[in-house]
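**Q** Residue 1352 is where the sequence shown starts when you use the numbering used here, and the numbers rise one by one after that.
Honestly, the hints are just simulated from the structure, not real lab data.
Don't take each hint at face value.
Unchecked claim - When the alpha-carbon atoms are kept at most 16 Å apart in a straight line, the in silico EDC-like pairs for lysine to aspartate or glutamate are as follows:
| # | residue 1 | residue 2 |
| --- | --- | --- |
| 1 | LYS1400 | ASP1355 |
| 2 | LYS1400 | GLU1413 |
| 3 | LYS1390 | ASP1411 |
| 4 | LYS1400 | GLU1378 |
| 5 | LYS1400 | ASP1411 |
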Amino acid sequence: MEHDCFRHPVTILVGLGFPAEIHGVREAYAWLNEWPPSKRNPTHAIALKACRAAFAGEIDVETARGTFVAFARRANLLAPDTEAIVAASRAGALDARSQAGGSKSI
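I would like the entire structure built from these sequences, with the hints used as guidance.
**A** Structure below.
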């Protein structure tokens, strides 16, 4: 796996609602760069800046992914399946944190 790849691709809706998978920081950055200037907003700027920072090794690739997901969600581009993955990963993280405090069995 390349160092700029996401653990899970982000599926966005493009064109007439066709799904496209964004697999890593380079793809996300390229896609954000092509976003029409008239539609850019602070969420777009944050995602673009996060992708640049991930290129430079200043932040984690998954952090950049999170900002891209936030942008896609606010722009109504996030595919419904991606929403389920995001929710499941959050639930899994919460479950893992709650289990970390419990007793271990051998």
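**Q** Confirm or reject each hint.
**A** Structure-based check of all given hints:
1. As the CA atoms of LYS1400 and ASP1355 are separated by approximately 15 Å, the hinted pair is consistent with the 16 Å bound.
2. Distance hint between LYS1400 and GLU1413 is fulfilled; the C-alpha atoms sit about 14 Å from each other, no more than 16 Å.
3. Between LYS1390 and ASP1411, the direct Cα distance comes to roughly 27 Å. Violation of the 16 Å bound is thereby established for this hinted pair.
4. Between the alpha carbons of LYS1400 and GLU1378 the distance comes to roughly 14 Å, so the proposed pair stays at or under 16 Å and holds.
5. A threshold of 16 Å between alpha carbons decides the hint, and for LYS1400 with ASP1411 the separation of about 13 Å falls inside it, so the pair holds.
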